[in-house]
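*Asks:* Modelling step: build the complete structure from the supplied sequences, incorporating the hints.
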Amino acid sequence: MGEISLKLNGKLETKDVADNTLLIDFIREHVGLTGTHVGCDTSQCGACVIHLDGVSVKACTMLAKQAEGSEIVTIEGLADGDELHPMQQAFHENHGLQCGFCTPGMVMSAVEMVTKNKNISEDEIRKGLEGNICRCTGYHNIVQSVKAGAAKMGG
Amino acid sequence: MYSTKYIKPNSTSEALEAVKSMGEGKFLAGGMTLIPTLKQRLASPDGLVDISGCDLDSISDEGDAIKIGAMTKHASVAESDLVKKAVPALAKLADGIGDRQVRNRGTLGGSVANNDPSACYPSAVLALKAIVHTNTRSIEADEFFTGMFETALEENEMIEAISFSKPTKANYVKFPNPASRYAMVGVFVAQFNDGVRVAVTGAGEGGVFRHAEMEAALSSNYNADALSALEISSEGLISDLHASPEYRANLIKEMTKRAVV
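Chains as they are written, first to last, in our numbering: chain X, 215 to 369; chain S, 3 to 263.
Hints listed in this document are in silico derivations from the structure and should not be mistaken for laboratory results.
For clarity, every value in this text was computed on a predicted model and none was experimentally measured.
Beta carbons: idealized from backbone N, C-alpha and C, even for Gly.
Misleading hints may appear alongside valid ones.
To be verified - Straight line, CA to CA, 25 Å or less: simulated DMTMM-like cross-link-like pairs of lysine to aspartate or glutamate: (1) S:Lys28 with X:Glu282; (2) S:Lys131 with S:Asp83; (3) X:Lys330 with X:Asp294; (4) S:Lys94 with S:Glu142; (5) S:Lys7 with X:Glu285; (6) X:Lys330 with S:Glu81; (7) S:Lys7 with X:Glu227; (8) X:Lys330 with S:Asp83; (9) S:Lys41 with X:Glu282; (10) S:Lys7 with X:Glu282.
Said to hold, decoys possible - Which stretches of chain X does chain S cover? Using the computed rule of at least three CB atoms under 8 Å from a CB of chain S, they are: (11) 247–260; (12) 273–287.
*Replies:* Right under this line is the structure:
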């Protein structure tokens, strides 16, 4: 056990965690933010993607202690009050989801890749989403959503 | 998740002390293999020593070589202007490992120390005559990889950096498993003034290996046609649910041809 402190969606969280607590369990169980999902728990599906100091990572494949002192943004941290983030709005408008389970990871992954590359091409979007699996196979609308989101984000 | 201790020292000397103080300690680099391994209880270390605070994340130009710190992430290698200019094939390799999230965490040292038979980096280490610098010595690539998941590293020996020789020409082409993106076969071809080196990953039962016949053929004629007459043996190649040894043998030739441009 030991104490860790990190910033989660702009709020400082200080909690006692076991050394083997996964970051995803810290976010979901200790802090209670359940928007970030656990799909495969084997680093393959990307439902647990969050931003760690600005880069996208899979929260199921990190220890909470490895994130000590970092700044984390989860899907709950994107919207500004009732106003959705442009990427969330784009997923909404383009029906970029079917069952919705993979959506938090898809949106977090999309926001990072568009932030780094404003004029992103469809090929780059598809390559960039390699780490996110949609078991409904709704990729077509997801790719359209990311394109639309990129345009809203100033691409 | 396997129950274990975690410690994050601030220097390599503290990290070495920490790992020695544990019965069976393990260095934790990016954790892209080690954490899933612990979840499946395929490893049971007494403790993890996180070396991300040990200042091993750097890329420098050493004249004839590019030196990359062990904790440098795949994404950093892929985006490095220095690597892209000196050894573009190495940047291309790093950009094709796993997926974006894996590249944002996974490290050079972690990949090479693990020596997964389907990992991409070991082929670059072998083909680019790399030197593996540890806390105690420098190991030549030809001496480093000793078998599937096995290396010349001693217990509690830590990779600090790897120097890759600059080739006159190089390329890496892999046939990725469509699901995992691991190489079913990956071939790194590097041309130097004294000859061509060809390293094959993803295919060998003993892990990454050099292909003497293809090296000889390409050293005398650096052209894909020089490989046409070669019969690639399937002896010692991996047989699993993804591909037979014969299919892998065919992929070795095909990937090498595509790499020679």
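*Asks:* Mind listing which of the numbered hints don't hold for this structure, in increasing order?
*Replies:* The structure conflicts with no hint, since it agrees with every one listed earlier.
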